[in-house]
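Enquirer: Listed below, chain by chain, are the residues.
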Amino acid sequence: DVKVTQSSRYLVKRTGEKVFLECVQDMDHENMFWYRQDPGLGLRLIYFSYDVKMKEKGDIPEGYSVSREKKERFSLILESASTNQTSMYLCASSSVGVQGGIRETQYFGPGTRLLVL
Amino acid sequence: QKEVEQDPGPLSVPEGAIVSLNCTYSNSAFQYFMWYRQYSRKGPELLMYTYSSGNKEDGRFTAQVDKSSKYISLFIRDSQPSDSATYLCAMIYAGGTSYGKLTFGQGTILTVHP
Chain A
1362 DVKVTQSSRY LVKRTGEKVF LECVQDMDHE NMFWYRQDPG LGLRLIYFSY
1412 DVKMKEKGDI PEGYSVSREK KERFSLILES ASTNQTSMYL CASSSVGVQG
1462 GIRETQYFGP GTRLLVL
Chain B
442 QKEVEQDPGP LSVPEGAIVS LNCTYSNSAF QYFMWYRQYS RKGPELLMYT
492 YSSGNKEDGR FTAQVDKSSK YISLFIRDSQ PSDSATYLCA MIYAGGTSYG
542 KLTFGQGTIL TVHP
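The listed protein sequences derive, respectively, from chains A and B. When we follow this note's numbering, the leftmost residue of the first sequence carries the number 1362, and every step to the right adds one. When we follow this note's numbering, the leftmost residue of the second sequence carries the number 442, and every step to the right adds one.
Derived by calculation from the structure, the hints in this document are not laboratory data. Incorrect hints may have been included.
What the hints assert, rightly or not - Below, a sample of chain A positions facing chain B; criterion: calculated Cβ distance under 7 Å:
no., residue
1, G1377
2, F1381
3, P1422
4, G1424
5, M1449
6, L1451
7, T1466
8, G1472
To be verified - With beta-carbon atoms standing in for the labels, derived distance ranges:
no., chain 1, residue 1, chain 2, residue 2, range
9, A, D1420, B, Y480, 21 to 29 Å
10, B, S494, A, E1440, 44 to 52 Å
11, B, P451, A, G1424, 24 to 32 Å
12, B, Y480, A, D1387, 19 to 27 Å
13, B, Q472, A, V1413, 27 to 35 Å
14, B, S461, A, S1441, 41 to 49 Å
15, A, M1415, B, S467, 46 to 54 Å
16, B, P522, A, R1370, 30 to 38 Å
17, A, E1430, B, K511, 35 to 43 Å
18, B, E498, A, S1426, 42 to 50 Å
19, A, E1383, B, Q472, 28 to 36 Å
20, A, K1431, B, I550, 33 to 41 Å
Note that the structure is predicted; figures quoted are calculated from it, not measured. Here a beta-carbon is modelled for each residue, glycine too, at the ideal position from N, C-alpha and C.
The whole structure should be built from the sequences, with the hints applied where relevant.
Expert: So, in structure tokens, the structure goes:
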């Protein structure tokens, strides 16, 4: 059974703190993604990685960075948390298949609800 | 204008109703279409996946794609309270170097009441 886990379900941080969100997948997937989900805005891609140590900016990378030192682990870093980064953060992974093929289905973790005070 | 627009809802229907969820898109490069279901406090999970124009059926769920109109739909027959969730449409480009990058709609919150 496929599994994507995220280190925390709920986090409360203060403005200016450095925040680490961890994601681990056990499916040997090449691709990993970080999204944030806000009411009325759907899922917005922050960063993605298609290989170890490789990363690409998504649609809203400002204020975030990522790290992928091992294939199974993808970390999202908020260098200096701000209140507008209060959100639900979702990690996903997918394998590399024929472009757009079913193998590229993304599997999601349960999410981390982050509150920045 | 967003690349993918989804009827925001929320939608509230009685048990047994037929539900129609819809998305439109602007970029004809989208070739692969998915519907994800997200229960409260959970991550999205893949519900339906389609490629070609036409209908695809899976139990009570039917996914419909009309590429000429750039319009996709998800129909739920005989809706159940357990169908209450947020439904997200998602699309992938064909070709290019998208690395499996999905573009999502905003999501529609569906409540089916007994």
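Enquirer: Should the hint that L1451/A touches chain B count as held when the rule is a Cβ pair under 7 Å?
Expert: holds, 6 Å
Enquirer: Are G1377/A and chain B close enough, Cβ to Cβ, to be under 7 Å, as the hint says?
Expert: G1377/A check fails; min Cβ-Cβ to chain B is 28 Å, beyond 7 Å.
Enquirer: Do the beta carbons of M1415/A and S467/B sit within 46 to 54 Å of each other?
Expert: violated, 29 Å
Enquirer: Is 35 to 43 Å a correct range for the gap between the Cβ atoms of E1430/A and K511/B?
Expert: holds, 41 Å
Enquirer: At a threshold of 7 Å, is the proposed contact between T1466/A and chain B supported by beta-carbon distances?
Expert: Interface hint status for T1466/A: holds (5 Å vs cutoff 7 Å).
Enquirer: Within 28 to 36 Å or not, the Cβ separation of E1383/A and Q472/B?
Expert: holds, 33 Å
Enquirer: Can you tell me whether the CB distance of S461/B to S1441/A sits inside 41 to 49 Å?
Expert: holds, 44 Å
Enquirer: Taking the CB of D1420/A and the CB of Y480/B, does the distance hold inside 21 to 29 Å?
Expert: Holds, since D1420/A and Y480/B (Cβ atoms, about 25 Å apart) stay within the stated range.
Enquirer: For P451/B and G1424/A, compare the CB-CB distance with the range 24 to 32 Å and indicate the outcome.
Expert: holds, 30 Å
Enquirer: Are G1472/A and chain B close enough, Cβ to Cβ, to be under 7 Å, as the hint says?
Expert: holds, 5 Å
Enquirer: Tell me if the beta carbons of S494/B and E1440/A are separated by a distance inside 44 to 52 Å.
Expert: Roughly 45 Å apart at Cβ, these two residues keep to the hinted range, so it holds.
Enquirer: Under 7 Å is the threshold here; is the Cβ of P1422/A close enough to any Cβ of chain B for the hint to stand?
Expert: violated, 13 Å
The structure is inconsistent with the numbered hints 1, 2, 3, 4, 5, 15 and 16, although it conforms to all the rest.
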